[in-house]
Amino acid sequence: MPPVLELRGITKAFPGVLANDHINLTLEEGEIHALLGENGAGKTTLMNILYGLYSPDEGEIFVRGRRVEIRSPGDAIALGIGMVHQHFMLVPVLTVTENVMLGVESTRNGIFLNRAAAARRIREISRQHGLEVDPDALVKTLPVGVQQRVEIIKLLYRQADILIMDEPTAVLTPQEVEELFKVIRSLADQGKSIIFITHKLKEVMAIADRITVLRNGRVVGTTTPSQTTEEQLASMMVGREVLLRVNKAPARPGETVLEVENLEVLDDRGNPAVRGVSFEVRAGEVLGIAGVQGNGQTELVEALTGLRAPLAGRVRILGKEFTSAHPRWVLERGVAHVPEDRQKDGLVLSFPVAENLVLNTYYISPFARRGVLEQEVILTVAEQRAREFDIRTPSILTPVVNLSGGNQQKVIVAREFSRPIRLLIASQPTRGLDVGSIEYIHRRIVEKRDEGCAVLLVSPELDEVMSLSDRIAVMYEGQIMDILPAGRATKEEIGLLMAGVRRE
Amino acid sequence: MQSPERFRVGFVTDGGRIDDGSFNQYAYEGLTRAAQERGLSVDLIQTESPAEYEANIRRVIEQGCHLVVTVGSTTGATVERIAARYPAVHFVLVDYTPMEESRHVTGLVFAEDEAGFLAGALAGLMTVQETVGFVGGVDVPPVRKFQRGFEHGLAFTNRRAKLITVYTNSFTDLRKGEAAAEELVGQGTDVVFAAAGACGGAAIRAAAGKGAWVIGSDADHWVTTFQNGQAPGADRLLTSAVKRVDRAVYEAVLLAVEGKLRGGTLRFDVHNDGIGLAPYHAADVAVPSEVRGKILEVVDGLRSGRIRTRVGPMGEDLERRLWARITAWNWQSAAVIFLAIFTALVVGAIFIAAFDPKVWEAFREGVGAGLLVAGASIVKAYGAFFEGAFGNPVRIINGLQVYISTGDSARLLRAIYPLTESLRLATPYIFAGLAVALGFRCGLFNIGAEGQYFIGGLASVFVGYSVKGLPWIIHLPLALAAGILGGALWASIAGFLKARTGAHEVINTIMLNYISYRLADYLLQVGGPMARPGDSRPVSPEILPSAYLPQFFPNDLSIRLNTGLILALFAVWFVYWLLFKTTVGFEIRAVGANPRAARTAGISVGRNIVLAMAISGGLAGLAGAHDILGVLHFMPNAFFSGYGFDSIALALLGRSHPVGVLLAALLFGFLRAGAQRMQGVAQVPIDIISILQALIIIFIAAPEIIRLLYRIRAPKEAAEMVYTRGWGRV
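Protein chains in written order, with the working numbering: chain A, 1 to 504; chain B, 1001 to 1730.
Hints may be right or wrong, so weigh each one.
Stated by the list, open to error - Cβ-Cβ distance ranges computed for the label pairs, FRET-style: (1) Arg-328(A) / Ile-1510(B): 32 to 38 Å; (2) Ala-1088(B) / Pro-272(A): 35 to 41 Å; (3) Gly-103(A) / Trp-1573(B): 50 to 56 Å.
Simulated from the structure, these hints should not be mistaken for laboratory data. Only a predicted model underlies this, so the values are computations on that prediction, with no experimental measurement involved. Backbone N, C-alpha and C fix where the C-beta goes; we use that ideal spot for every residue, glycine too.
Let the hints inform the model, and build the full structure from the sequences given.
Okay, here's the thing in structure tokens:
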């Protein structure tokens, strides 16, 4: 029997990059096939070709042994190929049923929506695959994990039997990941074939039947979890051995740099997001804040950097108190901020590298004199920084939008780390980066700590928090559940705290 | 890395020999020197064929070497792959930038651009025929850096000298090198610089044989190519742009012994004597002392950073002068604009023919006759149009002849009247277009230029007639300032509302437009506060002559072009300077491109919105002041100009760049002036020009139409320009 899906020699070039270079891939019926690779390895490009969003320059696609041309997502769906995108494609104000039937509405008399029929089918599908969901609930009221189930139901409703899941675990808690894996298993058992895109090694080992590793647009190899180890996979991914742990000396904490007392902050909709948080960070130590995304970390960081006025409580930086400060005031006190969303908050994408490197220092000497920019100085310093921080860019005049994610992050790191700083607030500093860049940025953070800088690290990646921090605070629903010394905390313990379960 | 036993260093050649004059030889010499000084033991393997290279590297590692030195220009990636498996061994790669982050692979890189720059500076001083040649091997970064550095160094000492560049696409083919040299000398070059490996050696030997001065690269070619001066033509070797590979390896090895080698790259440049010019050798007598002095100056300049090669790490040109900007400009989008205008004229021609009753009649007699008449009608209309926009070339030439022979300018002035009229019409467009463009740069859609124009006009006319007894040097600037201030304050209301409440500026500026019209109604009505006493029309009093914008040609007052044009050109420069050279402009652009990132970086978004709105309104107010002080000299009630909406088109057409806006405004000026004559001469309704404008804008706003029509492939999209932002707090 031919494989459900076969890609032969798929090649796709973008200006300056060969995103996919003669990729071969087969997917058998009922198989969970993990596609593993760093960001920029070409996974997403390949899947977008398969889903009809890009057309390949070369190569052939066979579905159940038949050669096909996929020119649009419509073609893909007709062939039974469905995709769960990293960012959900749901309409928040509609119900689950309405979202699922959107585009394939069943009607009565050709005019009226037949919601009841759709809801019936949704219930059937949820029962069959263990995808628990209330068809009448509004999508915006559902937790992220359930929204993802809705996405999967959407595909099953359209009778897809090849499911592509693009980084499906990025937004889930460890518990939700467990449930998702159960669902995926059950789908595979019922004959669905699944392509699971990820760069997380542990997930691959836990769920995949087969693993194909991509690097620089090429297939490095295909293997199975029983034949390989995480270390091997990592080195296949990056082409060399990888330090999975951060080497660092024990911290030597000094004076208190940041003091937070009973801080309360509201979110955009006016609901309490940070509810009475107190902690301190001292010079020469890393305080890590662990927690599932959306538990108030974003608002906490915004309050500390002056971007959001707190409702109550006190923040002291080097003994100077502020409740509601202008971001510039905070920056000028020696606080570096690596924002959570580098493209939205950290960079002006249309600006060249050089201008982004002075985004918060453009107005002070030596970059400006009496209100006039010193272009030569800006460019010279930018060239130095690019070299020093190893920013890979065709030129410092290239708009940062054309840089890879890792290099974009290096631009931010170069900007923030080359100012005289006393406190570093880093929010998800390695989000979406490849292993090489992660290692680099971790090393830089530890260097800053060793220089006597206080570091507040906020990250939903438990591994990152555990390997970098000297103390770990766990945040849940706007509160700090506990602060543990990093050396003694176990993953299980922190995982429970992240889920809101306090030790007795 | 240091260990009790003797420190062992492995050296593997990349296929070359340690005595072939390649980098292998120099690297080995540097290593040998370090080994002698520090008592290191060296394991040497000379690779016979490329297939053995990898095994050779492994062999020295397995022999227990702590450090492996090799030339990595072509083999670096292979070594890096091997290095991943031996984290305890350090690797030093000559002429290679490691791709991966690792602490035990060190690349030695050289500032070829600086070496090339020095060679170029010397070539520029030595050339007599002002023609200099460059022979490159394969177009890879080190060669490109030599080439660019050479080019800039040449331009540094000799602006007139011409540079001819040839790439042989080979490092090894001696024949190609010789052919390139012959070709260059044949084209009159008298200095030839080659950066092409063995192929380059052949090139300079051949060029020297033809009597040209030659400059080698990488190593001292006196020693290699010219066999210590024994080979013929050695006396024509000026010098060589040398990469001191021996020195680099020597230093890297010492660092490794001391355990200080940290991975990454070590850069060798003129600062640390890692590159430089070789001795002049036999050419010593031929190089004048002022040339030597100049070269030493250049070396000093490069060392101190006073002189820069303006070459990037990959050999890209960092030339940042206007010309480079222009040549680096997106010519395709320029072509789209040009084709949009052309297509609009073609479509306009169809309209012209269709509007002409004579054409319809002719078609009744037959298709041929119809087409003939249609053609004639189009030619007549566009003839009038171009004459109206630019003037009649024959009359201009005649006028010029009369002026030159008799000094009487009257005829010339009459002949260029249409051109001056176009420029006059373009002047307020420049101001208004700049206003909207500046708003766009801050993410603001100032749709209220019309109202700001109005208020600017009102303010300037008030100062123009009511303030008396001032000399023009004070009165005129005062009236202009009133116009700017009026427009600025009016627009900043909308800016303030946006910054404070998030109310969208599109709605608010439209509302402010209506308020400004009614305000003028009230002020100018008969008997109103600003009405002309005793006049039955709703007009303001005449302004005093001391507030007039001076005419360009005071001896022919029928020419209405005034010095407002100079003011407008100044405004173009000012907006450019403000946006791209000042901290204020940096903030405005940052807020416009990404307000969230701007706020995170400590820039006040609200302040910049108000400020950008005010500057934008000031420019629109200046357009109003120009029309009052330069053209009308009073304010009529029905002062609607249409600038408010045209200015949006101008800003879009000019891609929100001041120079683009200037060109777009000139285009609109020509269209308007041409249309007037077209109506007069060819009876084509003036509205045809509105159709042309609309078509141009549609084609430019939807470039896909033009690309489809002319089969232009879409370019890779650069960062999207944000023109306006949505309702709500930013």
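Now the hints, each set against the structure:
1. Arg-328(A) / Ile-1510(B): 32 to 38 Å: Holds, at about 34 Å.
2. Ala-1088(B) / Pro-272(A): 35 to 41 Å: violated, 54 Å
3. Gly-103(A) / Trp-1573(B): 50 to 56 Å: holds, 54 Å
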